[in-house]
Amino acid sequence: MNPLQNVLTLSQLHSAFTLFTSLLVEALPFLLLGILLSSALLFFVDEQQLISRMPQNPILGSLFGSFVGFLFPVCECGNVPVARRLLTQGAPTSVAIGFLLAAPTINPIVIWATWVAFRDQPQVVVLRIVFCMIIATVVGVIFSFQKDPRPMMQPELAKRVLYRLQARQAPEQPSLLQSGTYLLGQSGSPLRLETATPADFTPPKPIKRFSAQNFRLFMDNMVQEVRELGGMLVLGSAIAASLQVLAPRELVVSLGQGPISSILAMMLLAAVVSICSTVDAFFVLAFASTFTTGSLLAFMVFGPMVDLKAIGLLLSIFKPRVIAYLFLIAGQLTLLLTLSYTYFF
Amino acid sequence: MLRLKRLYPQLLPWLDVVALFQWGALLLKFYFSGQLQLLIHPNYNLLVLGAGFGFLIFSSLRAKHLIYRRRSGVNDGPLQHVTLFPPGLGSGLLLVSALLGLLIPPAVLASETALQRGLNESLPYTRTEAQSFYNPIPPEERSLLDWVRTLNAYPEPDAYQDQKVNLKGFVVHGPTLPENYLLISRFVISCCAVDAYPIGLPVRLTTDREDYPQDSWLQVQGRMTTEELDDRRQLVIVAEAIETIPTPRDPYEF
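In the order they appear, the protein sequences are chains A and B.
Under our numbering, the first residue of the first sequence is numbered 67, with each subsequent residue one higher.
Under our numbering, the first residue of the second sequence is numbered 8, with each subsequent residue one higher.
These are computed hints drawn from the structure, not numbers from a lab.
Mixed in with the good hints, there may be bad ones.
A partial selection of chain A residues facing chain B, derived with a Cβ cut-off under 7 Å [unchecked claim]:
id: 1; residue: L85
id: 2; residue: V91
id: 3; residue: V300
Where a beta carbon is used, it is the ideal one built from N, C-alpha and C, also for glycine.
Please put together the full structure from these sequences, using the hints given.
Here is the structure:
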């Protein structure tokens, strides 16, 4: 027999494709919902006002970010577009990171699902929330030392932040120093005729929330997010599905007997399986009999923060090195916290 | 070729429209053809239906907008030129995956996956765990999942001695079982096919298991008994009548 046939048969390929499709079918509605919500921020929330009210203090900021999840019940496929939007709109780094890490866990739907799954062990539900808050806050504080998020971000996305920041800080050059013909515009400040556009001569429109202009922005934003995040989701799901078929789950499971190795194995599984945070509590129950409670917690705390799908999505925001730091710190904290749980209880 | 290059930027926005439309069509196709139950738990069916219509509405709004933009000659804002992917790659990936999904029907997970994921009679204590030892379903009407659930609530195999069995599932030739045994199996789904969990009970045959090839679907009637298999006392179905059936439309249990 050809050794290659051992590795991948046609039926395995078909199974992998089925898993790939099932991941996409499961995740796309949530992604669409997340994008819809994040684009709706354009409509319903005065972002500048929201962001200007966000606490600048790193600890308060990341706590604030963690709780924003209650407003946006999205899982980890949906939180990336929202976090991305917050960042490009100039939200403090700590808020965005806190939101990114905690929102998939700290939202009503996920808490409810976890409670349904672990009704017999309410401490698991509580600890999942508490650990997640701690990690999100710590990582948020660490990243807040970088006040300007742009160097951490993908250059193309950083340009968008720049564009917006510039737009906000607008008149930099005193206009009176420029020569030319001036008109007194509606804003009350002199308007240089050479730079005036026809729009400057139309009477001011009352600010309408549902203007055509707003709707156009909303649509453009949605299309752009679907295009980029959808593409990333497709790549991530393809990798996750092929790993599931190629790497036997038994191998991952056989690693986990000791207190430390079980936690590490569950963290690895969480990253590989890429399961949505709204349903991961049910999934992890499959291992409730063979794995320590600490490792189940590790799965549920680490999984929503880090998985292969999320790496794909996160690459649309951050540079690879930043993602590596993010995951390493989150991973270490998860290990530390869940291990202390195993040790003390 | 040159003409194509010039047309490309104009066609690019339409790639989004087509990709969105394809995904809407694919989700609706899964929903209405019943193939959705090969992919995800029925709890999420309505979500998929909603998303299907969502993608279609989204696609048509986008198309309308593009036509309007073309007629009125309005140019795109500066946002349009900033993308993380090379132009068209993201939508292209979405489009290709949706087209493949339309062309290749989802597979029914089979013995290969079951063996890889570790087949046994214990349950991933998902959702509806048995709340009491008393099972209102009479033995001969229990599905494989009902049996495994019952067994998980009260694992002593002797308690089920001589109870009637009538269930269906697919054949797995357990590598550690003797030649006249097979595992009658099914997958349990708690979220989507990714977490499909195989369950199975051993069946003692009167003939060789080669008569029943792997992955064929069987309706097994018989009685329960206790035997020592793999150095473990466990519940075994003694087959009295076995009938080969076509793969059911709903191969998974939930």
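With a cut-off of 7 Å on the beta carbons, see whether V91 (chain A) makes it to chain B.
Constraint on V91 (chain A) satisfied, holds at 5 Å.
Let me know if the C-beta of V300 (chain A) comes in closer than 7 Å to any C-beta of chain B, holds or violated.
Constraint on V300 (chain A) satisfied, holds at 4 Å.
For the hint on L85 (chain A), just tell me whether its beta-carbon gets within less than 7 Å of chain B.
Hint on L85 (chain A): holds, closest Cβ of chain B at ~5 Å, below 7 Å.
The structure shown violates none of the earlier numbered hints.
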